[in-house]
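Protein chains in written order, with our numbering: chain R, 1 to 424; chain P, 1 to 424; chain U, 1 to 424; chain A, 1 to 424.
Hints may be right or wrong, so weigh each one.
Intra- or inter-copy, both count: the list cannot distinguish identical chains.
Capping the alpha-carbon separation at 25 angstroms, the derived lysine to any residue pairs in SDA-like fashion look like this [said to hold, decoys possible]:
1. 386 <-> 349
2. 283 <-> 155
3. 283 <-> 413
4. 386 <-> 399
5. 283 <-> 130
6. 283 <-> 78
7. 196 <-> 24
8. 386 <-> 287
9. 283 <-> 85
10. 283 <-> 349
11. 386 <-> 299
12. 196 <-> 107
In short, the hints are calculated from the structure, not lab data.
Just so you know, these numbers come straight off a predicted model, no measurement behind them.
Protein chains: 4
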Amino acid sequence: MTALVQRYLDGILAEHAGVSQGALANYIPELACVDPTGFGLSVSSSDGYVYESGDADVQFTMQSISKPFTYALVLNQLGQDDVDARIGVEPSGEGFNKISVDQVTNMPKNPMINAGAIVACSLVPGRSVDDRFDLVREFYSACAGRSLDFDDDVYRSERASGSRNRGIAYLLDSFGALGADPDDALDLYIRQCSLKVTSTDLARMGSTLARGGLNPLTGRQVTDAAVVRRTLSVMVTCGMYDAAGEWVSAVGMPAKSGVGGGIVAVLPGQLGIGVYSPRIDDKGNSVRGMLVCRSLSQQLGLHFLTVSSEAHAAIRGVYNPRPGVRVYEVHGDLLFAGAEQVARTATRDCAEFDTAILDVSRLHTISEPARALLAGLSDDLQALNKRGLLVDPSGSVAPATAAYDDLVFATVEDALTAAGDQRS
Amino acid sequence: MTALVQRYLDGILAEHAGVSQGALANYIPELACVDPTGFGLSVSSSDGYVYESGDADVQFTMQSISKPFTYALVLNQLGQDDVDARIGVEPSGEGFNKISVDQVTNMPKNPMINAGAIVACSLVPGRSVDDRFDLVREFYSACAGRSLDFDDDVYRSERASGSRNRGIAYLLDSFGALGADPDDALDLYIRQCSLKVTSTDLARMGSTLARGGLNPLTGRQVTDAAVVRRTLSVMVTCGMYDAAGEWVSAVGMPAKSGVGGGIVAVLPGQLGIGVYSPRIDDKGNSVRGMLVCRSLSQQLGLHFLTVSSEAHAAIRGVYNPRPGVRVYEVHGDLLFAGAEQVARTATRDCAEFDTAILDVSRLHTISEPARALLAGLSDDLQALNKRGLLVDPSGSVAPATAAYDDLVFATVEDALTAAGDQRS
Amino acid sequence: MTALVQRYLDGILAEHAGVSQGALANYIPELACVDPTGFGLSVSSSDGYVYESGDADVQFTMQSISKPFTYALVLNQLGQDDVDARIGVEPSGEGFNKISVDQVTNMPKNPMINAGAIVACSLVPGRSVDDRFDLVREFYSACAGRSLDFDDDVYRSERASGSRNRGIAYLLDSFGALGADPDDALDLYIRQCSLKVTSTDLARMGSTLARGGLNPLTGRQVTDAAVVRRTLSVMVTCGMYDAAGEWVSAVGMPAKSGVGGGIVAVLPGQLGIGVYSPRIDDKGNSVRGMLVCRSLSQQLGLHFLTVSSEAHAAIRGVYNPRPGVRVYEVHGDLLFAGAEQVARTATRDCAEFDTAILDVSRLHTISEPARALLAGLSDDLQALNKRGLLVDPSGSVAPATAAYDDLVFATVEDALTAAGDQRS
Amino acid sequence: MTALVQRYLDGILAEHAGVSQGALANYIPELACVDPTGFGLSVSSSDGYVYESGDADVQFTMQSISKPFTYALVLNQLGQDDVDARIGVEPSGEGFNKISVDQVTNMPKNPMINAGAIVACSLVPGRSVDDRFDLVREFYSACAGRSLDFDDDVYRSERASGSRNRGIAYLLDSFGALGADPDDALDLYIRQCSLKVTSTDLARMGSTLARGGLNPLTGRQVTDAAVVRRTLSVMVTCGMYDAAGEWVSAVGMPAKSGVGGGIVAVLPGQLGIGVYSPRIDDKGNSVRGMLVCRSLSQQLGLHFLTVSSEAHAAIRGVYNPRPGVRVYEVHGDLLFAGAEQVARTATRDCAEFDTAILDVSRLHTISEPARALLAGLSDDLQALNKRGLLVDPSGSVAPATAAYDDLVFATVEDALTAAGDQRS
């Protein structure tokens with residue numbers, strides 16, 4: 001199944017390759033000396049399979065993408081009550097360059113703004129900044145499934161230039177909002193911003209959130225589902241700064257961006273997505289990264305309010321009517337992620353049959369990307385020396401081309417007959 | 001399966017029955033003369049089955065619950081671009097009693113606040129207020145699956161007393177924000193607020209949204225999935241006033257309340273929920289309605305970021321190893337809604353078998369409500385004169401009680417043997 | 001003395017005559033059909049003498065200039081406590097088109113914004129709108145010293161088009177903020193906005209405020225000093241919308257503008273100023289009216305923080321050393337208004353002497369406008385067939401020109417000798 | 001004249017001595033170890049005479065009272081344009097603990113808030129913090145008329161604890177708002193806050209502002225009138241935090257408080273006032289200091305909108321009708337400050353006459369404090385072995401007691417006759 005999904009992703013990258021709006025972050029020299037044309041996209045399925053396109057192996061610093069992960073870490077370490085007493089969960093309704101501390105409680109409004117992230121850093125347990133940073137790096141690495149590197153140049157440079165974050169840290173200290181010394185909290189924040197990832201790392205980290213804290217690559221339960229649910233909730237309402245409503249409507253994936261050019265997006269239960277393109281807009285979001293997220297959502301139907309409607313869809317039954325033949329009954333409303341699951345299940349299990357019969361006669365609706373995936377299943381199985389037949393009485397999946405005439409049937413019985421004929 | 005779910009819902013109602021906080025809305029006499037102890041809960045599955053508990057047949061006026069439905073109606077009639085040019089989709093970050101018009105564009109910040117709802121009313125097409133109201137009532141009725149009645153007393157009373165909404169309507173007119181005469185827009189708004197529903201109507205209306213615009217009771221596609229996605233997106237970020245972040249984190253269902261005491265909540269793809277309890281808090285939300293939504297989410301795991309992770313869960317395979325015996329293979333991470341689907345499928349299809357074998361040996365995780373549902377399946381089948389056996393080698397589902405000794409097996413083969421034994 | 005002050009005022013008008021920025025208010029047709037080039041300036045001294053320049057007799061509607069006068073009226077009628085319970089006195093910190101109602105108390109922030117003015121109207125006592133309007137018109141007329149006319153066309157037009165003010169009135173009613181029916185309060189507000197004045201009327205109304213409520217023309221005490229002090233205080237902090245600090249710094253006169261093109265400004269204890277120029281900026285202030293106020297303040301030193309320093313200045317002593325000769329001793333820091341007083345006193349009393357000796361030897365400082373006024377006194381007296389001599393040992397007042405050689409002396413004795421010589 | 005004014009001030013202190021609300025500032029130990037009952041009041045006339053009452057010689061640190069003086073210093077050094085480009089002049093409309101930086105320009109809203117004061121410090125010229133502090137201390141000392149001391153303990157303590165101001169300084173630096181290194185600007189700010197004054201120093205500093213920059217004690221022109229006008233303007237609109245409107249209405253004196261317990265208030269052209277009482281309210285204002293300012297304004301009529309109306313009042317003429325007799329003609333509206341001037345003039349010049357005749361027959365109105373002052377003039381003169389007679393045909397000044405029978409006359413002629421009689 002890799003091939004068709006791969007072509008989708010390559011196509012989306014190609015579609016936006018020519019966009020040159022935005023500029024490299026320039027507040028420290030290190031961020032301004034990367035290749036501005038870098039462009040990578042990685043998508044991890046919920047069982048850990050990763051599709052990559054473009055510069056998926058280029059490393060860049062996480063910057064603000066670190067925020068949800070450290071928030072998850074402190075939720076994991078301290079529990080929700082203690083963290084809620086320090087950091088709010090409401091959208092700030094303010095621009096990205098505001099401090100956004102609640103006027104009554106002096107608590108940062110949410111952990112996705114700098115003030116909230118610095119408070120989160122102050123809550124990471126440990127006897128020293130080194131101790132705390134070890135914990136942070138270990139947690140991120142566990143989400144990514146590999147040990148992440150540290151960019152010392154970016155760290156030193158941000159440390160020297162960060163008047164704004166230093167100002168926020170001292171103000172938070174004056175409010176009694178920090179759980180640690182302001183200089184230490186700030187130091188940890190700058191360190192975590194300087195950890196390096198690729199778009200594939202981000203996709204894997206996203207898939208760990210998508211799976212409720214289970215890294216599908218390593219099988220390790222990094223944190224629990226309640227922590228992830230709260231982290232994703234906050235990403236939904238506060239992740240993309242002051243346009244939460246528009247982002248939820250148009251994209252519908254909890255996400256977080258960083259001025260290094262990365263974006264992580266999560267389709268709960270389904271996918272982790274990482275994008276890299278270092279030219280950012282005046283709000284600090286990767287220009288092409290945002291476009292890619294929109295295209296993925298719109299073209300592949302990856303919206304969390306849509307995808308969840310598939311919970312009752314996809315594979316309804318699997319049975320072997322006779323040795324060597326397996327029938328997959330698909331029903332309900334089928335979108336991209338469900339179709340990808342069906343197709344990947346069939347190709348994965350192909351050692352167990354000679355002929356697969358895909359019965360789509362009970363499908364209610366099917367999206368175009370899903371249709372194309374299922375229609376291509378026969379070709380994929382043929383490449384594995386297997387046969388794929390389609391029971392599609394209403395023609396909802398199969399293209400009306402002669403090439404499919406021998407593969408499409410009105411009933412399972414007809415398909416079985418054909419399977420028998422051809423086998424003999 | 002009805003019995004156990006019914007007991008869950010009855011239990012949640014009983015748990016909160018003693019709560020007497022809040023007060024009847026009193027700004028018009030008609031709202032203050034209802035029975036304050038009324039308490040009803042209805043839950044509609046995505047295929048239209050409705051569970052009811054308490055005063056599920058008491059009628060009350062929709063009030064603000066009308067807002068998302070009229071927003072959906074104008075999206076449906078005019079298209080998203082025209083509506084977006086008039087009404088924003090961002091949370092207001094302001095209290096529920098603020099006007100919340102954007103300082104630059106003079107557009108209401110979202111359609112869930114009064115200003116946005118009045119603009120939406122001004123966009124409903126029609127030559128007269130009567131025409132427009134016919135369209136609104138028809139749309140709501142199509143979502144509910146029955147023709148909704150109108151409360152003339154409430155309408156007349158609100159019309160006479162509504163200085164605040166009249167003020168908002170005139171201000172919007174002065175901003176050029178309305179698509180119709182301010183008095184007409186206001187009149188339509190008061191009329192739609194005066195339509196009467198029961199908690200069951202709300203559950204059905206919610207299930208129509210949960211199904212992407214398809215009323216599962218009537219089978220009518222009331223509007224399309226894109227309209228519903230945008231409507232639900234706005235309910236996610238703006239539905240519960242200024243505590244969007246907390247609501248998304250703790251409840252995780254797009255919802256809307258009205259001062260009449262109703263709340264509609266939607267679990268996309270899964271459920272529509274209606275609650276009624278007329279004592280409201282100082283923000284205008286039903287006190288017990290909010291508690292019920294929280295309990296449903298927490299006890300039954302009805303959070304949209306959680307449920308969507310079930311897309312790859314539930315029934316993996318269904319087959320008949322021999323006549324009269326059907327095996328249901330369940331896998332993945334199983335939560336309430338998935339278990340309810342499994343159990344309901346088995347009881348619904350019980351005419352097709354004598355013995356059902358539920359194979360849970362491939363389950364990854366299971367929530368407590370889901371466990372209880374599956375464990376109770378044997379009893380439910382017995383009531384239908386069928387047998388239900390469990391293949392549960394690790395004891396993840398079956399209670400460790402003697403009553404289950406004869407029903408639980410380590411392998412499907414063992415269960416088949418037992419099925420044969422008992423049958424003979 | 002008229003001549004020199006007149007030339008000052010004519011000069012200031014000429015200086016700004018060519019300014020064509022701004023546009024006629026156009027929200028109702030009646031306001032847009034006036035002559036856009038109209039330009040009038042009137043200045044009333046604290047004893048009621050009025051200087052006029054340009055179109056000082058053109059009538060225009062008061063619009064928002066009515067606000068401080070109705071505020072004064074209700075303070076006068078109800079007392080400060082009752083009014084303070086309804087209308088705040090703090091700057092709104094918001095743009096001129098905001099409603100600016102306190103978020104906690106729902107009280108308008110001050111009486112200079114529309115919301116506050118409508119509340120003030122709702123507090124005017126009377127059994128009917130006609131009664132109340134009679135009271136308002138009588139009060140304004142008493143301040144102006146003549147009966148003011150009413151523009152019925154403007155009234156009818158604003159009544160038909162005022163969605164914004166109608167919206168505000170209904171919102172205020174919904175907050176319980178009004179002391180009367182919202183339609184009645186609004187009607188009175190529109191009526192008072194439609195009263196007609198000339199720039200001279202405004203100057204006289206301003207001088208009534210400058211004199212603590214005493215109309216210097218009619219001698220009638222229209223209201224008391226405490227009412228005026230509070231009214232002027234609010235004009236200081238809230239009169240010129242959201243630029244109070246800049247206006248106080250640069251102009252330093254409590255003021256109020258109206259979209260009809262008028263501005264009233266008050267120099268407490270000294271002057272009332274009226275300006276008319278109907279082209280307004282996007283905040284609704286007369287463009288040339290603002291420029292004239294700035295020029296008057298800067299060129300003539302009319303800043304309330306400066307002028308008050310004259311309290312210990314001006315005429316220190318007046319005596320007749322011998323029949324027919326009067327000595328005026330001037331001391332302290334002399335600015336325009338003080339010099340105008342000195343010069344006017346001498347010319348007014350000239351029937352009582354043949355020769356006036358102005359002794360400026362004790363002056364501490366003198367501003368340039370004040371210097372020019374005193375230096376011109378000899379000419380003014382000569383026009384009245386009197387002689388004016390100057391005792392000015394340090395040359396602080398007299399120009400160093402030969403024309404003054406015979407008029408300037410080092411001591412009063414020298415001047416007396418000269419007076420005697422010349423008389424004989 | 002000292003005696004009666006002294007009794008007024010002592011009385012006001014006594015009136016509020018029992019007030020024990022408020023608490024010592026406790027954010028650094030040094031501020032909390034002063035005597036909480038300390039209470040001092042000093043009033044300097046515009047010619048430098050100082051009245052003192054209570055603990056007028058207790059030293060305390062200036063804290064925020066330093067703000068207007070450093071603002072005046074940088075206006076003086078850089079000119080208004082350069083300062084305006086860095087610091088606004090508008091009220092913030094926000095609580096005293098807000099940062100109040102303009103959302104668009106990132107400029108502090110005014111120099112009376114901490115952010116604005118730190119920017120002002122960054123603009124003080126000098127090669128080092130020591131250089132700059134020398135300039136600041138010299139400027140303050142010139143305003144006070146003596147060299148001010150520095151409290152090293154308070155300085156060190158504030159330096160160690162000032163996270164909030166450090167946070168603000170760094171944020172300002174990140175906005176590009178500072179003219180110097182953030183640590184240096186902050187250091188200077190803490191130093192200036194640690195300069196020590198008495199209430200008498202504050203009264204003298206206030207009188208220097210009241211006199212347009214001329215220290216009436218030393219005769220030194222410390223800065224010019226334009227600088228003072230702008231400084232006082234900003235104190236009017238921004239000096240007393242978020243209650244500018246109420247302060248202007250009720251007190252009407254530009255003022256500034258500090259958490260050390262001091263308040264400086266200025267009646268332009270008239271008086272400088274210093275109060276000390278270290279118990280502060282939750283906004284950081286001296287509780288009793290505020291009450292004293294209100295009482296002074298209300299009881300003595302010290303409101304800048306009222307006092308300025310005296311510009312045409314007070315002494316109209318002074319003449320000696322015969323050797324040893326001097327007539328003072330008083331006219332207009334007489335308030336406290338004018339009466340104090342009259343009385344002080346007569347007592348000061350008493351070497352030049354044996355009998356003073358105070359002619360109040362032309363008075364228009366007189367306030368009660370002014371009346372008492374003039375009525376007491378006879379006693380004051382008697383103590384100097386002079387006689388004081390009153391021409392008061394309408395009884396507006398003299399008490400109706402027998403003690404005055406011999407001192408009050410209907411005409412100047414009657415008084416002259418009596419003067420002759422009594423002299424002989």
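Hint check:
no., hint, result
1, 386 <-> 349, "within (11 angstroms within a copy, 33 angstroms between copies)"
2, 283 <-> 155, "within (22 angstroms within a copy, 40 angstroms between copies)"
3, 283 <-> 413, "neither (59 angstroms within a copy, 61 angstroms between copies)"
4, 386 <-> 399, "within (20 angstroms within a copy, 44 angstroms between copies)"
5, 283 <-> 130, "neither (31 angstroms within a copy, 40 angstroms between copies)"
6, 283 <-> 78, "neither (32 angstroms within a copy, 32 angstroms between copies)"
7, 196 <-> 24, "within (17 angstroms within a copy, 51 angstroms between copies)"
8, 386 <-> 287, "neither (43 angstroms within a copy, 60 angstroms between copies)"
9, 283 <-> 85, "between (29 angstroms within a copy, 23 angstroms between copies)"
10, 283 <-> 349, "neither (46 angstroms within a copy, 55 angstroms between copies)"
11, 386 <-> 299, "neither (29 angstroms within a copy, 46 angstroms between copies)"
12, 196 <-> 107, "neither (29 angstroms within a copy, 36 angstroms between copies)"
Of the numbered hints stated above, those contradicted by the structure are hints 3, 5, 6, 8, 10, 11 and 12, listed in ascending order.
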